[in-house]
Amino acid sequence: MSGSAAVERILARPTLGAVFSGGWRAERPVVDTSKCRLCGVCWLYCPDAAVEITEAGVVIDYNYCKGCGICARECPFKAVTMVSER
Amino acid sequence: MRLLLTGNYAAAYAVRDAQPDVISAYPITPQTPIIEKLAEFIDSGELKAKFVRVESEHSAMAALIGAASVGARTYTATSSQGLLYMYEVVWWAAGARLPIVMGLVTRAVGPPWNIWSDHADFYTVRDCGWVTLFAGSAQEVYDLTLIAYCVAEHKDVLLPALVAWDAFEVSHTYEPVELVEDAARLLPPKGARAPHLAAEDPASLGNLAYPEEYAETRLLMVEAARRALSVFAEAAGKFRDLTGRDYTRGYECYRCEDAEVLFVAMGSIYGEVRSAVDALRARGAPVGALKVWLYRPFPYWEVAKILEGRKVVVVLSRTASLGAMGPLAADIAAALALGGGSAKLVEFSAGVGGVDVTASDVMAMYEAALEGRGGTYFWHRR
Amino acid sequence: MRGVAHRVFPREEYLLRGHVACPGCGAAIMLRHVLKALGPNTYLVIPACCTSVIAGPHPRSAFKVPVLHIAFAASAAAASGMTEALSQLGKEANVVVWAGDGGTVDIGLQALSGAAERGHNIIYICYDNEAYMNTGIQKSGSTPYGAWTTTTPSGNPGLKKDLPGIMISHRVPYVATLSPAYPNDTFAKLRKAASIKGGLKYLHALIPCPPGWRYDPSLTIELSRLAVETGVWVLYEVENGVLRLTGPSRALLDKSRRKPVIEYLKLQGRFRHLSPEDVERIQRMVDENWERLAEMLKESGKHGSKQG
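Sequence order for the protein chains is A, B and C.
Note that our numbering has the first sequence beginning at 1, numbered continuously upward.
Note that our numbering has the second sequence beginning at 1, numbered continuously upward.
Note that our numbering has the third sequence beginning at 1, numbered continuously upward.
It should be emphasised that the hints constitute simulated quantities derived from the structure, not laboratory data.
Where a beta carbon is used, it is the ideal one built from N, C-alpha and C, also for glycine.
One or more of the hints may lead you astray.
[What the hints assert, rightly or not] Now the in silico label distances, taken between C-beta atoms and shown as ranges:
id: 1; chain 1: A; residue 1: ASN63; chain 2: C; residue 2: TYR145; range: 39 to 45 Å
id: 2; chain 1: C; residue 1: GLY198; chain 2: A; residue 2: PHE77; range: 44 to 50 Å
id: 3; chain 1: A; residue 1: PRO76; chain 2: C; residue 2: PRO211; range: 26 to 32 Å
id: 4; chain 1: B; residue 1: ARG249; chain 2: C; residue 2: ILE168; range: 55 to 61 Å
id: 5; chain 1: C; residue 1: ASN240; chain 2: B; residue 2: ALA194; range: 36 to 42 Å
id: 6; chain 1: C; residue 1: ASN240; chain 2: B; residue 2: LEU4; range: 32 to 38 Å
id: 7; chain 1: C; residue 1: LYS266; chain 2: B; residue 2: PRO211; range: 42 to 48 Å
id: 8; chain 1: C; residue 1: GLY301; chain 2: A; residue 2: GLU8; range: 52 to 58 Å
id: 9; chain 1: C; residue 1: GLY119; chain 2: A; residue 2: ASN63; range: 22 to 28 Å
id: 10; chain 1: A; residue 1: VAL59; chain 2: B; residue 2: ALA215; range: 36 to 42 Å
id: 11; chain 1: A; residue 1: TRP24; chain 2: B; residue 2: THR248; range: 35 to 41 Å
id: 12; chain 1: B; residue 1: ALA215; chain 2: C; residue 2: ALA251; range: 52 to 58 Å
id: 13; chain 1: C; residue 1: ALA251; chain 2: A; residue 2: TRP24; range: 36 to 42 Å
id: 14; chain 1: A; residue 1: GLU8; chain 2: B; residue 2: ALA324; range: 24 to 30 Å
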């Protein structure tokens, strides 16, 4: 395999969801929409970019959320709670 | 154009003619005139390149990896201790498939401190995936440096390449050197190679790889190294058509046709071997000499054919062989075994640490090789 | 914080989810902020460190910018060559080293010093989790006094190297400290660094690490905040030799406004074994550092520079 084909084999390409990190969690964040003010702090501090703020509200991608709990801790409105996966 | 140049200056002129974009080097005796001359070329505008005057050899190679990964043509040079300090990233350059070109002025490895020629440093680059070439004169330094770029940057290879030559005997000795007018015709056009890394099309180079994926990258290198044999021949062919100087086989054979005893050597020692061959032939001794230019990839089958039917093969290794046969002798042994040859194989470690080897030494080695058993010997002048 | 975060900061992600950082990893938060601040025309050079692994296994990468992974000691050198090559090839881009404390203050220091002295156009970011975390929490030159690591099980007897101070002595155009808890501060500093053409811009982020510092992953931002509020970590920038405190650190020259260091230390298992004398010693060191800062600010003030 020559040239650009060989080089392509040794390059890693941007991949959303390289690993199913959602499988790591022991607890998952749950958003109480009545308290949520869509301030975006959870989005800003998520180490995994697993939080998205949409028109419909906060959407957490549970395929990749590791359940670290930072969003729950930092939410100024206490709108996020960590709930056991078990 | 013909100039009187040292081996080191020949390298600098070849690099000037290859037009790299980035040079990075750290001084070490006996390499320094190369980088000083390159600095002059950049200063005068003859060479349009950035010179990263790094604070160590490890950083020199790392700088070139950074530069080459975004598409630059590059060059560095070093010796002995500098090469060993750089060693980790020498491997990195090959694994990253970057066509970096390096000059190696072969120098003994300390302790004790020694600035004279020994091939120990050269052999450390044997297994890391670099294409390695050995020049025996200033002209060969110039020629093989240009050919190195052609091989390294070829789409079927994309491996870094090294040209080595002896400290002082070649690096600092003046000889007439014929330059190539418009060497750009020889080399691939700059920018022909798509860079590994480009913001427009992001990728990561060197991610963690699990065993299967890692093994695949190594298989790709194995195949590239194998293809380098024919790519070298092709590049050398174009070079020969342009200049008349023929490196296509990767080696040169002197009075080999009916030789029963064959000397094998790399580098400037070969000059003395040739003189010895002539003197021995005058006495009726059936002897010839093989000079290796292309060391990696090693042309086993070609060499096996050359070794066919010989009675004795005498390998001169310019380094001490510690606990085993020296690398060149081991490659010759492999070629013999592959070809089913039955020659007695004798290795002499000669010229170690820059000790002078003369034609009369070589003639004495001839006698000793005929008398004794095969094996590896440290040459002591009698 | 004024406004909603996702309207103030760019939405685009350049560190994609599905990467393999530990839960609550401070480095991942910082890296998201850094890449949002710098944008896609950014080449990352990453030596051996946690992020070498965080990126994800080949052939998948969580990075949406080009990345050169390089040997441990070599990031600043690789970046030097890369930035010169891009310039020579007529391409403008951010060349950014993203290195851990090990690859910066210890094995990478020589190359960093050389790159700084030569003045290459590089942004060098050290994300400092205060130990060799990628290899399992061994002491580095950046480990603070008293911290447990696997190679200092009774607590580190040494003092943390002041890398920003060393870089200030190199007279580079810009030196700044960062914290993942203060993204406004981070953005301003990254944008400033990117706008300075030429010379090495050095930024040093204190990065809490749940497994290495022994705390519940949910506390990463809180710990980052406490580090600043206790004065253990100072947010500042030095531009052409002139020192300015930034963010909440501006208010903390007044010792009474600094929280006692124990507030920061007590949340971390790596400091659990500290004696009251150790804590006092640490408090003294922090206070002495602020006294030094006060002196430096007076000096900076003499040069008639504007305060931030």
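Status of each hint after checking the structure:
Range check, ASN63/A to TYR145/C: Cβ separation about 42 Å, and the 39 to 45 Å hint holds. Separation of GLY198/C from PHE77/A is about 45 Å and conforms to the stated range, judged on CB atoms against 44 to 50 Å. Here the CB-CB span from PRO76/A to PRO211/C is close to 27 Å, well matched to the stated 26 to 32 Å. Taken as a hint, the range 55 to 61 Å holds for the pair ARG249/B and ILE168/C, whose Cβ atoms sit roughly 59 Å apart.
Remark: the range hint 36 to 42 Å for ASN240/C to ALA194/B is upheld by a beta-carbon distance near 39 Å. Distance hint check for ASN240/C and LEU4/B: the Cβ-Cβ separation is about 50 Å, which falls outside the suggested range of 32 to 38 Å. In this structure the supplied range 42 to 48 Å holds for LYS266/C paired with PRO211/B, their Cβ-Cβ distance being about 44 Å. Evaluation of the 52 to 58 Å hint for GLY301/C and GLU8/A yields a pass: the beta carbon distance comes to about 56 Å.
Taking 22 to 28 Å as the suggested C-beta distance range, the pair GLY119/C and ASN63/A does not conform, at roughly 45 Å. VAL59/A and ALA215/B have their C-beta atoms about 40 Å apart, which keeps the hinted 36 to 42 Å range intact. A hinted range of 35 to 41 Å for the beta carbons of TRP24/A and THR248/B is inconsistent with their spacing of about 58 Å. Against the hinted window of 52 to 58 Å, the Cβ-Cβ separation of ALA215/B and ALA251/C comes to about 57 Å, which satisfies the hint.
Checked against the hint of 36 to 42 Å, the C-beta distance between ALA251/C and TRP24/A comes to roughly 39 Å, which is consistent with it. Remark: the range hint 24 to 30 Å for GLU8/A to ALA324/B is contradicted by a beta-carbon distance near 39 Å.
Figure legend: structure checked against the earlier numbered hints; hints not met, in rising order: 6, 9, 11 and 14.
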